[in-house]
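Asker: Protein chains in written order, with the numbering used here: chain A, 1 to 706; chain B, 1 to 148.
These aren't lab readings, by the way, just hints derived from the structure by calculation.
One or more hints might be untrue.
[To be verified] 30 Å max Cα-Cα, derived BS3-like pairs, lysine-lysine: (1) A:Lys417 x B:Lys8; (2) A:Lys457 x A:Lys472; (3) A:Lys457 x B:Lys8; (4) B:Lys52 x A:Lys472.
[Stated by the list, open to error] Rough simulated footprint, nothing fancy, chain B against chain A, three-plus residues with beta-carbon under 8 Å: (5) 342-356; (6) 400-407.
Beta carbons: idealized from backbone N, C-alpha and C, even for Gly.
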Amino acid sequence: MMVAATERRRQVLMAGLGTALILVMGTVLFFGFRLATQMRTSISALQTASTLQTYPETIAQQLNSLRDRLEVRAYSGQALSELQTSVKHVDTNLRQLEATGDADGPQLNRARLLWRQYQPVLDPVVSFTGQPYVDSDTAGSSLSSEGRRHYAEVKRAQLFANENARPLQTHLAALATALQHTSSDAAARLRTLLLAGVFAALVLAVAAGYFQLTRARHERAAREAQDQTRYILKSVREGFFLLDADHRIGSVWSEALSHMFSRNDFAGLSFEDLLKDLVPTATLTTAAKYVKLLWGQRAHENLMKSINPLGQLEITRDNGHGSKETRYLQFDFHRVMAAEGIKHVLCSVSDITASVLLARELQDSQDNANAQLDMMLGMMHVDPLQLTSFLDTTETSIKLVNTILREPARNDAEFRKKLAGLFRELHSIKGEASALNLSSVASRVHVMEDMVSECKKRPELSGNDFLPLVLKLDELLAHLRSVREMAARLSVLKDGAPTPPAAAGAAGGPARAAGALDELSPTLQSMAARLAQDHHKQFRLSVAGLADVPAPYATTIKDCLIQMLRNAAVHGIEAPDVRRNLAKQDAGAVNVEFRKTPGGYELVFEDDGAGITPQNLKAAAVRKRLVTEEAAQRMDTRAAMALIFAPGFSTQEGVSMDAGRGVGMDVVARSVANLGGKIGVSTHPGKFTRFRVVLPGVDADSAAVA
Amino acid sequence: MLYEQELKTFVDATTNFFSVAAQEPASIGSPYLMEGAPSVHEYTGIISISGKREGVVYFTAPKAMLTVMLMKMQENDFSHETMRDLVGEVANTISGNARRDFSREFVISVPSVLSGEKPDVPQHAGRRSFIIPINWRSHSAKLVVSLS
Chain A
1 MMVAATERRR QVLMAGLGTA LILVMGTVLF FGFRLATQMR TSISALQTAS
51 TLQTYPETIA QQLNSLRDRL EVRAYSGQAL SELQTSVKHV DTNLRQLEAT
101 GDADGPQLNR ARLLWRQYQP VLDPVVSFTG QPYVDSDTAG SSLSSEGRRH
151 YAEVKRAQLF ANENARPLQT HLAALATALQ HTSSDAAARL RTLLLAGVFA
201 ALVLAVAAGY FQLTRARHER AAREAQDQTR YILKSVREGF FLLDADHRIG
251 SVWSEALSHM FSRNDFAGLS FEDLLKDLVP TATLTTAAKY VKLLWGQRAH
301 ENLMKSINPL GQLEITRDNG HGSKETRYLQ FDFHRVMAAE GIKHVLCSVS
351 DITASVLLAR ELQDSQDNAN AQLDMMLGMM HVDPLQLTSF LDTTETSIKL
401 VNTILREPAR NDAEFRKKLA GLFRELHSIK GEASALNLSS VASRVHVMED
451 MVSECKKRPE LSGNDFLPLV LKLDELLAHL RSVREMAARL SVLKDGAPTP
501 PAAAGAAGGP ARAAGALDEL SPTLQSMAAR LAQDHHKQFR LSVAGLADVP
551 APYATTIKDC LIQMLRNAAV HGIEAPDVRR NLAKQDAGAV NVEFRKTPGG
601 YELVFEDDGA GITPQNLKAA AVRKRLVTEE AAQRMDTRAA MALIFAPGFS
651 TQEGVSMDAG RGVGMDVVAR SVANLGGKIG VSTHPGKFTR FRVVLPGVDA
701 DSAAVA
Chain B
1 MLYEQELKTF VDATTNFFSV AAQEPASIGS PYLMEGAPSV HEYTGIISIS
51 GKREGVVYFT APKAMLTVML MKMQENDFSH ETMRDLVGEV ANTISGNARR
101 DFSREFVISV PSVLSGEKPD VPQHAGRRSF IIPINWRSHS AKLVVSLS
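Chain A with its partners taken away, still in its complex shape:
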């Protein structure tokens, strides 16, 4: 901007100098022409005056000659003619001098006055046209009467001319001298004028030279500055460019931009066009609005900086080798102010990929450390035997998951067939992990469940869709190994006793038929406490008879109780304020009882919560597209209640760790059915929900209590 102002000032100066030079030259030429004209006139008048000086004497001689000829009766016509010519010359030249302004002075007036006195005397002479002689044979030639009169006039004129010739000559000489002075003066003025003009032209030329030199110096400095700017823009690792009021990029930018955006056509490119193929539409819209805001005169720069939506922008670009890479760019904006307001917005772009990845790694490391700490704290409350049992069971389930994955598949149907089994196994692992409050395991399995859910929604499945799942499975196995190692260390810390041998990976030791169900009660209590906290509920759990569960039923009974407890916490028990409004106690009650019956065994699970209404079940089934609206309307209460056990059914809108997928009760029902048992539900809206699981008796060998 400063450079532009200096350049403008220099241009104005040069224009001034040019104008001054033209003015000087014009003045010199104009006045020089006038003086030259004046000089020519003066010289011409001087020549005329010089010529005139000879005429008074000439006229006097001509008159003498004419008188002499008349006296000797000689031919006088020639003399008279010469006199007439001289008189005429004097008249003409005096008129010319009068017409010349330069000669019009006292000298000319005096000469003119004197010449006027000549005229009455000369006029009769020069105007004579008669015959001055008469010839006779006797007397010869003699003057005629006209001749005598003419002779007298010539004589009188001769006398006058002889007397006045010198004064007239003097006047004319004075006139010539005056004219000579005038001419000399004009020549001197012309010389002075020319000298002044040359001097002024020289001064202006020197000034122009000086300014030209200054300009060259400034241009050199500007070129150096431009070179330096170019070097900076070429070397700097940040991308720099200016945005104008139309949000278009200026003609100067740093070369780093080319690398960042894999293009070179930045000049005139709009900011939106720069980003449009790199960021989602929503981000692009936000960025455009933000840049527009930057042009607001009253927007506070620091405030604007704090709401910059492009502080860490993730872009995907071609890495130059035919594949894509993800980079993170940071955009900073600074307003460039001028007297009239915001002139430009300077945008600097930094590639912060390395620091983002480092921060992410640090965060991951921190999260990992926190997770391990949480896990350790959680594990401290779990019985070591229960934990070992969980790890064994989980590893067996994972092995099953891997076996399902290993089944060859080439088409959508074969891939899709795997999903249900994967779901069941993963859900079972998550249930047990939640029961033991092992959130690090439960959350990992939850992510895998999400992946399986996503796969279900895809129109066409291929092996590619299962790659992320296998990666997560590997991660889960690694995590379980660290849980086992940590459990071993905790065990050493707790009692100094060696821990049960650790199974390695998916090929770990065989699963135990069931956990120790007499130890399930504290696990359920712990799970109940977590569920109550997570879902902002209050309830008391009372458990009875679990020590009597026969070994073949242990796993199923455990899965049933975990799933039912989740359902009770999420769907059954109301929030304390709701319960208060219904005149119930703030804390709900959940009762579990397992008992032997004459025909076998019975598990009763009951909560005093909101109960289940067929209408809610039907609405949820329609929402989940398990049945059509018409089919739902035709359902009786019994059919509606059976929806609870339908695969994919849940009354929950979203998916959480504890509910929403609809893969709980169907698994429970299938497990019970596989054992030859039955499951039923009875409910009273606003009062209670009761699940009753009836199982057949078992033979003596396998009836050993789990």
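Let chain A serve as the given structure and place chain B on it in line with the hints.
Answerer: Just chain B, lined up with the frame of chain A:
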């Protein structure tokens, strides 16, 4: 822990080889994990990786599959050496893509080829491998990624 993008680089390199060289795309089967050394087919092209990741990646294919591939490639020579060259070429493609996509933190070896029923595939004890079946026409090969 292996990242999805890393696994995809190996998988894409393998399937692209079939699209380009054999002019018929391959699909991947259901991937799974395996403890210890997975079984291999007659011909195995292998690359070793060190640096940020340590381990091996190999493509192992049965002779029948390689024979059909060579036929599709208009080859008349079905010798043992040609088969070895072909699996070596697949391993070379995997190596090239890995060099292209991964940073300098990965050091990737020159591909080598093993053949026979029980070749001595370098395997780290106790390391899990990702097995990705590569299905092409009616044949099936395996891409094994065993990295830590």
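Asker: Out of the numbered hints, which ones does the structure contradict?
Answerer: 5
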